[in-house]
Structures are given as C-alpha cells and as structure tokens.
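**Student:** Listed below are the residues making up each chain.
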Amino acid sequence: MNAQQQETLQQLLQQYRDLPGGLLPLLHAVQDALGHIPADAIPAIARAMNQSQAEVHGVIGFYHDFRTSPPAAHSLRLCRAEACQSMGSEALAAQLRTQLGVEDHGHTADGQLELRPVYCLGACACAPALQLDGQLHARVTPEKLSALLAACGKEAKC
Amino acid sequence: MLTLYIPMDSVACAVGADAVAAAFAAEAARRKLDIDIVRTSSRGLFWLEPLVEVDTPQGRAAYREVSPDQVASLLDVDLAANGDHLLSVGLVEQLPYLKTQQRLLFARAGITSPLSLEHYLAHGGYQGLEHAARLSHDEIVAEVLESGLRGRGGAAFPAGIKWRTVRQAQAEQKYVVCNADEGDSGSFADRMLMEGDPFLLIEGMTIAGLAVGASRGYIYVRSEYAPAIAVLRQAIDIARAHGYLGADVAHGGHEFEIEVREGAGAYICGEETSLLESVEGRRGTVRAKPPLPALQGLFGQPTLVHNVLSLASVPLILSRGAAWYRNFGMGRSLGTMAFQLAGNVRRGGLVERAFGLTLRELVFDYGGGTASGKPVKAVQLGGPLGAWIPPSQFDTPLDYEALAAIGAMLGHGGAVLCDDSLHLGQMARFAMQFCAEESCGKCTPCRIGSTRGVEVIERLLAAPDSAERQRQRALLDDLCDTMQYGSLCALGGMTPFPVQSAMRHFPADFGLDTQEQAQ
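As given, the protein sequences belong to chains A and B, one line each in that order. Counting in the numbering used here, the first sequence runs from 1 upward without gaps. Counting in the numbering used here, the second sequence runs from 159 upward without gaps.
One chain only, chain B, in its complex shape:
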C-alpha cells in the first residue's frame, strides 16, 4: 500500500494542502488504488508547500508545490519507488535546507500526526516527564538552570532563575502561563509547534508545574491562530484521557490541568503582565514591575510565564540532560533557536540551528536571497520592534549578545527580508503607527509619543529643505530617546529600534544625504 504524508498545518492548507489531500483520495478511489493518506505537521519548508511525501525503501521522497490538477500525473508514476516526476525533490531528509539543521524542538515536524499520542510516544514523547517524575522538584529546577536555557520570547531571561523564584515562593496556588500570543510579523514557530506538536508543549508545561509546584496552567493563544487553539484543546483532552493531565500526572499524586485562553486581537498582550491582565478578564494594560510575575502574577499568585518554545525545550533538557543541551550554541546563548525566514525570501521557512550561525548564512544559504530576485536591501530581525539590519552587518553571529552589540535583537527569531521596493522611511512611519494602534495607553511616552512619532516622520519625509529635515530629525531623535527610556514596557521602549536603525542605515529613504546623516 502507498502511504502519503500531507501536512495539515494551517499555512500549508492556505496554499492548498487540503485540496491536494482530497484530490489524492478521490483519484485513488477512481483508480481503485489502496492508499493511506497521513495528515502530518509541516516540515517548515514553506516555499515547497504543499509538500507531499511518500514512503519509499530509502526514506520519504517528496514532491513540491503540488496542486490538485497534478495529482493524476503523480499517481501515474511509481511513487513508492521514488518515481521520477517534474515535482520531485528527492528524499526530503537529504535536502540541504533540512539536513544541515539541528532539529531538537522540531524533531517531529513533518513526521508525526499532530494529534496522535501514539506517534508522540513513538518519537520520544513523555520521556522528559518520566525522568522528571523521578527527580525532586529542586533537582528539576537545577537541571533547567544548568542547561542555560533562556526565555525564547524575546527578553532571553535565564529560565532557571525564574523557575527557582517561583519554586521558592510560598503560596497555596501557583500557575504556569504559556505566552502563545505570537504577534511578531515574521514569526510562526510557536504556531507551527502548537499546531504540529501540541503534546510537546503540554509535556513542557506539566514538567514546569511539577517543578515549581503549580497545579494549573494556562495557554494564552492569539485569536488569529484559531487552528492552533482547536488542536491544543483536542490534545489536552487526549492527554487527560490518558492520565497525562489531571489528578496524578507523574505517579506522585501531583495534579496538573491546562486551560487554553483565546486572545482578542491585542498585540500588547504578548507582554507578560498585559497577558496576565487579559487572562484575568481585563483590558490588557501593562503592569509596573516589581512585583515580578514570578512572585505576584496571575490572580496575584506566583506565576511562571514562558513563551511556547521555552516550555517546549524543557522535555528534551530533562530527557537528554542539561550537559547535552549545553553542547549547542555559543557564549551565553545555549541550545538551539528556531529562526524563521519570512517576507520577500526565496526559501521561506523554519531553520532550527544552534545559536551562532551568521545572519548571512541564514539569509543566503538557507533563504536564498529575495523571492523577487533583487538584492536584499535589509532584514528586520525580531519582529516589529526589531532593528532593520543592512547587508554590511550580515556577518554578525545570531546570538543574543552579538546582536545587542550592533543595536539589534533576536527577539523571537523571525527575520523579514525586503528588496528595494520597500521604502524604509515609510516602514519607520509604520513602526510608530503600529505602536500607536497597539499601545495599551498606560504610559505617556508610548501612548502620546507614538502618535507624535508618526507626525514627525511624516514631516521629515516631506521636508522641503535640509534645515527643515535637520530640525525634524533632531525632534525624532529626542522623541525616540524619551520613548526608549521612559516607556513602561518593550512596546514603547523598542519602537525606536526599527525607526532609528532605518534612519541610520538608509538615510536616503528619509531624504537625508550621507553628510546630513553624519551630523
């Protein structure tokens, strides 16, 4: 029997995967062919989607960008013998894009069926929890601390220190909250993981609950990710039915329950304190820190707040050990990072690699440059609050400290490429406009500053002469300074990054000549 693997990832479906699966089923029925269609997660090779894989004696052979009208011709060739076809890309795991990656978090991507607990267990699932159940709470915390894992959401705070703080806090009720409000443009790793490997996140949260002494977890998912919400809810039910959630999750009488909460279209709710307000049912207004959420978080109780990928890293750290995990990465950036190539890129997709590869390797070796074929003008790294990086800085290694040294940040690992059709003066204006639209309104630099920022950039871009340009530029620099140092959270505090990096590296887009820029 012929076994086909077709992703059910929402983006694969947005480019036709469902239609392709239906076409294969219909054509096979017409030919009375016995085929088995397994709907899997996506490999993250999005430029090839819909990617159809077939079992062959050598491994899975793949066919790229399949459309329903090509299904008949595919079934004409001997797929099970890696038959030759125009759409063939050969054995999928031999593709350099995939072969050179270090897939730890996404080890199962494209291989297993998202809601199959059986697949999950067969591919190493729940070994982390099994190991954790044999350790004391403090030993689990020590393992995470030792691994060097840092928060993957953007702030890169050492995870183990957070765990220790929550562990040591005294309270009747503690919480684990997963921040799945992945709102950064260019980021889709959380979405892929939740849609494609939901049990990994559930296992990570369960271990976290065990370690810090929390019996309840919440996953706060943005409403734009409706398919992820549906998959998570089903996976939670399946896990509960098999005793992986509920009254006794680790054979020690430890209770853990998870509830999925849906966001409502507010970018700011990706900020952890705003997210907690939202889970509590209020406006997503940022809280001042201290108190830290680790001590007074959700409903005023000690709360471990982590991004999806931070929590999903935990099962592997527990099953393979902290020492093994530390083998990946460089300096103080340890483990792997799920980089995401997006925007005007020839080969857009997910690249999981240890920290330390350069932006050039990511953009050219993996990404293959722009989709338009024109030279890469810039890359925005780390979402809408990340800096625009010019090609002259592409040799910077992707590690938290090296990027900070050039005034950039890794954020959630999304890289958006653009060519010269994108006007960075307009993108600077957009950054301010986005901040104005999404500001929670609590602090003045962000609430008022963003609107004034839009106005100043408009005046700068329309300035009739050099004197006026200089005047507006000085105003903008001053405003950015106020926002950066005076805002309560990263939204107002980092909106100046894309604005000032665009102005610094692409003065011509602001009408500034090099001489004016230097002044």
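Excised from the complex, chain A in its bound form:
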C-alpha cells in the first residue's frame, strides 16, 4: 500500500474498530475504497479488530465478494441460477467464451474484463440478467450482450 492507501486504511480502522461484529462492514469499506483488500492491510485489520490474521483470512476467503487482488477495469457478473438458465444464460456464457475467450472466474487476455458467475440478482421475472460494472441489465439477449460489451470497449466505464 502507498502512503495514501495507508491513511485511508487507518481512517477506516478508526471508524469500524468499535462496531459490534464490525469485520464485514470494515472489509466492505476497505474494498470499496481500495478496490481490493491488500495482503499488507490484513495485519493491521487483525490488530484493530482484535482477531488473529488467520481469522481475517478465513473471513475473506469464505465470502465470494471479497478479493485480495485488484479488479479488472470492467466486471461482468452473469447470473447462472435456475430462472436465468431457463431463459438461456448458458448460451450467453458460451457467447462470452467464443467472443472474448473468457471463462467463469477468468478475465479477457488483456485483463480488461473479468467474468464472475452470480447466483440470482433478483431479476428473475425478466431473465436472463447480468450486472456490468455494478449496473443491472435484464432481458439480456445475445445482441444486447454484444452491445454492452461494445460500449465497454469504447469507454473506460460503462
């Protein structure tokens, strides 16, 4: 972590250290601020929360949301639960494999876009659904997916 990240971390530790059961809110806040939970932040987090480093690692590892490496520029979360499967989400996953060469939990060769499966986004009545850079899209067709990806290629954030 650089000096600025250190300072951000210290502020967040102050903010959350006395919150009952505050480890999850703290980890979310660190990840929101820094993009991921840097490995060298873990000793300080453990100390502030009065837990062992192993416990903090254990919590980070348990939850799908937490990550210890920086995210790609674009994050695509494709819903693969039953309702979306019944409306062709597997075909969308196959499209991503052929079109971009990207597998589940993987990223494109240039590292710009990462693909994560997600199980239910609550848009089941308008399946299939996906989340691109935090934005929910429903009734996704192969054409709509292509258009969303194209917009991603053109802009830094879409």
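Be aware that one or more of the hints could be misleading.
[Said to hold, decoys possible] Reference excerpt, derived from the structure (chain A facing chain B, CB under 10 Å, subset only):
| id | residue |
| --- | --- |
| 1 | Q6 |
| 2 | E7 |
| 3 | G21 |
| 4 | A123 |
| 5 | E143 |
For the record, the hints were derived by calculation from the structure and aren't laboratory data. As the structure is a prediction and not an experimental result, all values here were calculated from the model. A virtual CB, placed ideally from N, CA and C, is assigned to each residue, including glycine.
The hints should help you fit chain B onto chain A, whose structure is shown.
**Tutor:** Relative to the frame of chain A, chain B by itself:
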C-alpha cells in the same frame, strides 16, 4: 398538469425505466409541457415493465414496455384522458392479473414513492405501530400468535411461538434480526418490498422490538441488492428524523434502532444461524441447534430472526386484527403469500394471493405459460432447494401441508418455469454443484456429499448401459439419503429435493427408461 408514474424499482430500471423517465422529462421540456414525474415502486407486473402510468379521471391508465423512442408519440396523444395508443393497457387496476390478487403486503406497490413517508402515512402506514403502542407487550405477542402467521422465509414456523419465546427470555439486550438474504433463484418479493416500501419493514421490526423487548434491530441484506440497501438506509434516516426510530418510538420510552448490514455473496447466510455468525463478523458457518436463536442468538442474546415478508406482515395484523388476517388462506396456512413467477414465463411478476390457489392457476392463469410458447415442462418451486414439479401435479393447492404431501415445498414462494430446452439431468447436476459451491463446510454430508453428487450424476448421465445406470442411480439415492438426513441445515438437507424430483418425474433426462425408473 399531467402526472406520470414511473417505477424506480431496480429491475424496472434494468429494462429501461430510468431512460424512459429521462426521455419524458426532456420531451416535455422541449414542448414546454407541464408534467410531474413521480418515481414509484413497481406493481410487480414485470412483463409490462417499463410500465408508465398516467392519472386520468377514471384512475391510473398504463402504457406497457415503454422505450425512450416511444415517448414522443405517447405525448402526442391525450394521456390525461386515457388516450388511445399502441402501448395502452387501459386502467392498470382493471388488469385481471392485478385485479384478482389480494394485495395486503404489497398494497402500496406501484402506487407510492418508496422514500416518501408522507405517502406511506397517507396509505395506512404506521397504524399498526400506533395500535401496538396501546397494547401490552404480551397482548402484541398474543395478536401475532392468534393471526396464525408462519415464517415466510421457507421453514414456515409459527411466528407467534418464536415471539413468545424471545419475549419470555430474560436478558439485558435482545435483538430483532431481519433475514433479507433473499438468495433463491426465482424470488424477488423481498427485494421489491425493501426497494418499494421500506417503511413497512421498518414498522414491522419496530413492533417486533416493542413486543419482545428488543432495542436493536439488524437487517442483513445480500450484497447483490445494492439498491435495496441504499433505500433502506435512507428510509431509516427519515424514520429516525421523524421519531419513528430512536429513543422513543411508541410514546412509551421504548428505544429502537435499526442498522443495515450488507452480506458478501454467500448463499448460506440465508440460513439463520449462519446469518447471525455473519452479522457478528465471522465466516458464515452454520451453528448447531439447540440453542435456539430465540434464546441464544446474536452475540449470544435472545434474538427474533424473521424473513422480510414475515416482519412486513405484522403492521397489518396489528392494525386490522388477527381475526381479519385469518380470513385469508386455508388450513394451517393463513394470510396471503407473495408468489413470484419467474424464468421462462410469459407474464412474470408478483402474485399476492391467499394460500390455497393451485399451481395451475398460478402458472397458467397468471403466468400464461412459457415465454417461449412451448409447453411447460416443469416448475421449480421454492428456490434451488425446491422440487421440480411436473404438470401432472399442477392441481396441488399452494399451501404448506399440501405441497409437503407431494414431496415439494413452497419455500419463499418463487416459481421458476421451464420448457423442454432445459435438461433436468443437467439441472440435477447443477443443484449438487451449487451446494458444493455454497456449502459452509461444517458438516460432512453437505461438504463432501455435494461434490460426490456432481460426480455421480455425471457418471449416471454418461452411463453406457442399463446396468451401469442402475449402479450409479443406487449410489445417488444412497447419497441423497445421507445428505437429507445427515446434514446440519437445509442446504445439504434439501439439495436432494431438486435432484430426486427431477429423476423421479423426468427419468428420460437421465437416460432412464420408465422400466428402469420403476425398479
């Protein structure tokens, strides 16, 4: 002045509601038209979204699946007089889909603005708390007990008994925890309610806190529901600013505060003890019961844990009375249930009806069959741990006991339809794979059994001959038995439901002929 109502529900927005609202504002400005755009919750008629409603003398007229490029042509007709347009569906409340529903929990859906306390109060809000404040704690508990309300999260445990247990427990600090980790595929009623009518949940939790003697509440919302989290946090601030939360919530010196906690992408945290671990800041590992959370729950203290819809039912039970609430439903399933139609369905959306309508009515009368137009192959009811139900069983009434009798369950009320493009052998494999991915790892049947389950189903599906198929099938049955009876919680214990129901009703998808199936 023309008043338009456009939902701000995240799924309505995911199909373009924000863009439509912006287009109306821009086009009206260009024409120098005086219009008022009210962003409301969604009616739950998702196949019509983005649904735009307009005030007319007869009531609200609606226009379906509006896209930004149709906005100009809509403003060309006399909307305020229910003007004729290609997208018109007439008066929204006359739509049979909506008209035939019994909307108690979702009475305000699509009508009010989610963060308007004024709207909430004008539509019956806080009457339940007002009534509760005049009762003793025990009288509130008695009312809930009398209503017959059962937990809406899936287990359907009588709510009043839980309330009584927490009420009678002796402790300095008690908690009310709302389980808003709605992770079941096909379910979105909690999401709709939190995004669309957050004060109802806050009021329900406040009454619960008053009744059981808890001064703190937590709402644990899954991280996938970021808009719901944002709405709830704002609503809590508004409620606090108006004295509905804080040091004195019911004019009797009773304190109640609510904090929203965000999940982190773990399906298992919908299991109540795992959820409590997560709120405490730990891995979401399931706890053994007993002790019951009602006696030793959050931070070891007596805790009332309820699903969103259970808590949201409470204000109405208090304001209208238990006797009134019992008028809805059948047998031991009383009140209304928010059914959710999802997946390959022509008219997907929310159907709130008293218990007892049949699956056929839900799937065909409301849902209109599949979106693809092909015959319905099966319905998975109650999320990823629910059984696949074939059309031959569609006449089963939707009530807890009737469904249990056919080896199915209502769960959280989500129904996922599919046509023959969905291979149920693959879905059985998916059920095991999902369990493997989401298992907390505490108990062996779930942790190891799910992975072995994926392998056995793969071997079954690839079996070259009948003898091998029979061998794998026997292994799978045995494994399902171990998981069902040996797992610590419902994840491992119910994953066999979708697997075995798929195999029982759709043997051909497993390469089993009817004769093999019968063996």
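**Student:** Each hint needs a verdict: does it hold in this structure or not?
**Tutor:** Results for each hint:
no., hint, result
1, Q6, "violated (23 Å)"
2, E7, "violated (24 Å)"
3, G21, "holds (4 Å)"
4, A123, "holds (5 Å)"
5, E143, "violated (15 Å)"
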